Structures are given as C-alpha cells and as structure tokens.
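Enquirer: Each chain is listed here by its residues.
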Amino acid sequence: MKKGLFTIAENAPLAEGVYRLRLAGDASAVTAPGQFVNIALPGRYLRRPFSLCDAEEGMLTLIYKVVGGGTEQMAAMEPGRTLDVLTGLGNGFDLSLAGQTPLLLGGGIGSAPLYLLAKKLRAAGKTVSVVLGFNRRSEVFYEQEFRALGCQVTVTTADGSYGVPGFVTDGLPTGCSFYYACGPEPMLRAVYDRAAGSGQLSFEARMGCGFGACVGCTRQTVGGPKRVCKDGPVFQKEEILWT
Amino acid sequence: MDLSVSLCGTELANPVIPASGTFGYGYEFAEYYDIDCLGTFSFKGTTREPRFGNPQPRIAECAGGMLNAVGLQNPGVEAVISQELPRLAKCFHKPVMANVSGFSVEDYAYTCAKLDAQAQVGWLEVNISCPNVHGGGMSFGTDPAAAAAVIRAVKAVTTKPVLAKLSPNVTDIVSIARACQDAGADGLSLINTLQAMRIDLKTRKPLLANVTGGLSGPAVFPVALRMVYQVYEAVSIPIVGLGGVSSAEDVLEMMLAGATAVQAGAANLIDPYACRDIIAALPGVMEKYGIQNLRDIIGGAHG
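Heads up: the protein sequence lines correspond to chains Z and X, in order. For the record, in the first sequence the residue sitting at position 60 is 60 according to our numbering, with numbers rising by one throughout. Each number in our numbering corresponds to the 1-based position in the second sequence with 243 added.
Calculated from the structure, these hints are not laboratory results. Since the model is a prediction, treat every value here as computed from it, not as a measurement. Don't be surprised by glycine CBs; every beta carbon is placed ideally from N, CA and C. Some clues are possibly wrong.
Claimed, not checked - One-sided and incomplete, this derived list gives chain Z residues near chain X with beta-carbon spacing under 7 Å: (1) Tyr-45; (2) Arg-206; (3) Gly-208; (4) Gly-212; (5) Ala-213; (6) Cys-214; (7) Val-215; (8) Gly-216.
Taking the hints into account, I'd like the entire structure generated from these sequences.
Expert: Quick look at the structure:
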C-alpha cells in the first residue's frame, strides 16, 4: 500500500451513469489486476474504494458508477485537480491459475477490473473469453476495448436491448480452463452455481478503512473470517461461503 | 521539549495511542511505518472465545465521522496469545495495552488473567462500553454497580494496571467513573463510541444490519472532551482521553481537559499514517502554544 497525491488527467462519461477517471501519479504500489484504490473526497469522512481498470507507469485508470453523493461529487471534478489516494490495496487476481483458455465474467461496473486482467492474460499468450453483463444497452462499456486486446467478447443485457438477452450466466462459453468473475453478489452467486470448473470471484463490500484495520468488511469463509479489503477482494471459489 | 508522560507508573515516550479496534494487533501497521514511535497502542478488543461479529453491512458514514457495528470480531484470547502477540513482538518493542471485552463478569476476569500473564502487556483496558453486542459490553458500563463488579473481579486476578473504558451512552458518566475508581481501577479510558444509526433512503431501512452502531470521528470530539473534563474533576486516577482525536491540537485539548494520554481511533482508518503524523506534529504545535513539557498541561483547563 502507498498513500499519494494524484492529478486528475481525465474524468469523462463512458456510458449511462458511468465515468472513466484517469489519475496521474505514482502507480508503483499496484502489483496485480483486481486490486483497488481508496480515494479521499473533500467533505466525506470515509474514503471511497474503486477497483482499478488499468495501471500503467505513472497512470491509473478506474471506471466508476454514480450511485450516491460521493460519486456524484467525483463526477463533477475537473481535470487538473489533485486527490489523496491509497493505492495497491487488496490481493488481486492470481494469473498463475488461468490455464490456457481463461474466462472473464463481469457484471456491470464489475467489468472494470477485468480489463487489466485481460491485458495481462493476453500478454501471457492466453486465449481469453470475456462475458460482460449489463442491465441495458446504454450502460454497456469497454466492449471494443476488450476486443482490441484480442479477447472473444460476448455482451449480455438483462432487458435484451443489446447482445445476448439475459445475464452473464446466459452467455457462458464452454471449454474454459478457469474463470475470473467480478460483479454484484447475486451475479457472483449465479456464476458460482453455474460456471464449470474452478475460479476466482472478486467481491464488493461496504468498507471502513480499505486496508484491513477496522474489520468492517469481513466475510465468513471456509478458512474462517476474511477481510474483503485485505485478504480479498478476490476469493478462490472453494473458500467461499454464502450467507 | 518533553513529550513523555507516565500512565499508571509506566513511561510513554509520547501520549499518542492508537485506539482499540482501529489498529488490529499492530503488526499490519508496521508494514506502513515504524510503530515503535507510538506511546503504545490498544489492541483489538479481545474476548474469551473467537467471535465473527455482526452481519454485514457494519460500516456507515456521516458528516464528520463514521458508524461501526463490527461487534467485537476477534480470534479469541488463546489465538491472540499464541499467534497475534508473537507477531507483534517482532515489530513493537514496548508494552502494549490489552483491550478486553466480555459477556459476563467471569469472562472479563478469565480473559484479563490470561493477558495479564503476557510479558508484552503493560495495561489492561477493560471495555465495558461496546455498544454493538447484546448481553455484554455496554450493559456493564451503563450501571455503576455492574461496572464496579467487573473491575473488582478483574483486579482480583491481575497484577498490571487496569483501565476501565467507559461508555458515553449514560446519563451521568461521572458516577460510573467514580464507581470504577472505588472498585480499584488504576485508570479510565473515555469515551467509547456513541450509539447511533443511519437509514438508507433507497430501502427505507436501517443501513446497518445491527440497526445501531457506534459513532466515532471528529463529530464526537467535543462530547469526549466534555466528559474527560467532567470526570477529571471527580476522580484522582489518570484518564486516557479519546473520541475523534485527529490532530496534535486535539491531543493538547484533551490533555488540558484532564487526559494523561490520548487515543486516536477513526483517524487511523482514513489515514493509516495518522498517529505517526500526529506525533511528528506535536513538537511544532507545543512550540506554537508555548508548551515545554507535556505533563505540565494535564488538566490545565481547570480552575
């Protein structure tokens, strides 16, 4: 983990209610796709956690959905402004488990961290399938960006307005070596129940600190209580317990 | 310039102490900075048996602070002794404050006796004020007789200084403080969090699964300061002041109100370096206000 100041390089709408934020600064604490950052916002006591969509030298990219006062405030921020950010939080996805034909499953805003994962997997020569699920056509983002990496991309929409009608579990390809999933908990549960083979699932949680101190975000697991922020947010399928 | 204070007979290099529940068992913060710079720290509230705590969600936010309803998640005293304390010993070379909670008088005595026997433990901070558990915690800290019973039982089986951590969720904190002193407490920590709640407008239901949680952060600082001030006038044992402390200036205010040492809690959660930075800022702020020796200002705001 590192604490640092970042300058907003870009903060622009990407889809309905969805923005892309690019932050210039020291990105050296990021060690794995699936990690997250925790951003201090003026006037808000707790930081806001966001998964990383991309990390390059000197630049972090995250994609966020406006869901409340904090993210509304973020959406109005202009480039050039500085933000206090904790980086390199969480364990991230384990690329060594991928096999040759990994499957990436994203639900809504949970699709964001799969981009950096797909980039790393493609760089490692893997054949990557991606299924991205959204509520409706207006919320779809990054379909072309995943294709540009050379991934096989399927988009599903719950209202059937674009791509395959239904949820990500309605677009599951067969013959994949391992899956990685990120999205809301009902989607993760459906993936856990229906996707073949083993996988890693990345969870959301209401966090206090984001670095393990407050134990506010703990989940029960096969191996005992685990903090989503520090021991996760990525958990191995076999260790997950549902409540 | 002298930052040192003495808490129940043990010297602290400075009065700054991360509060229980905001610093784990310490060693994870040692990845971020050298925690030997702290006066000491109070480790995560520990109970006789392991506890998962309350269901999710257990964190909420408000203007100037936060609510938690963690519910004393901890691995239990046996695991703390066999796993957490040995890990801490590698990165912290001072006496640590052991924070203990329980669900019966016997629980408190059992857990305190176990931790009292650990060489690393310098003080026992008896939490009779957790607002987030049922049938324990705060129920002992809201009645003078029950608070005294816990302190008496703990004192009977321990040798190290015992501090009673008091709840602000009472009509008269002074009467609880007096009862703890009379029962043999060597010091008092005040205050724990204030019982509070939020409602989610989207679901129209309480945001926390536990319905209520404990409010902490800058919002509670003036309440904590007032209680430290009032209790200082009524007792002769040292007071550890806490509640929303976030800066070196807050430390000085707490000490002027009557605190011998000061804990910072929620501040650690929004900035992992908070306590290190408060300690680093203290000499400059002392100089600004003409303070040479921190011990000289304890209770300085009183008549």
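Enquirer: Indicate, hint by hint, whether the structure satisfies it.
Expert: Cross-check of the supplied hints:
no. : hint    : verdict
1   : Tyr-45  : holds, 6 Å
2   : Arg-206 : holds, 4 Å
3   : Gly-208 : holds, 4 Å
4   : Gly-212 : holds, 6 Å
5   : Ala-213 : holds, 6 Å
6   : Cys-214 : holds, 5 Å
7   : Val-215 : holds, 5 Å
8   : Gly-216 : holds, 4 Å
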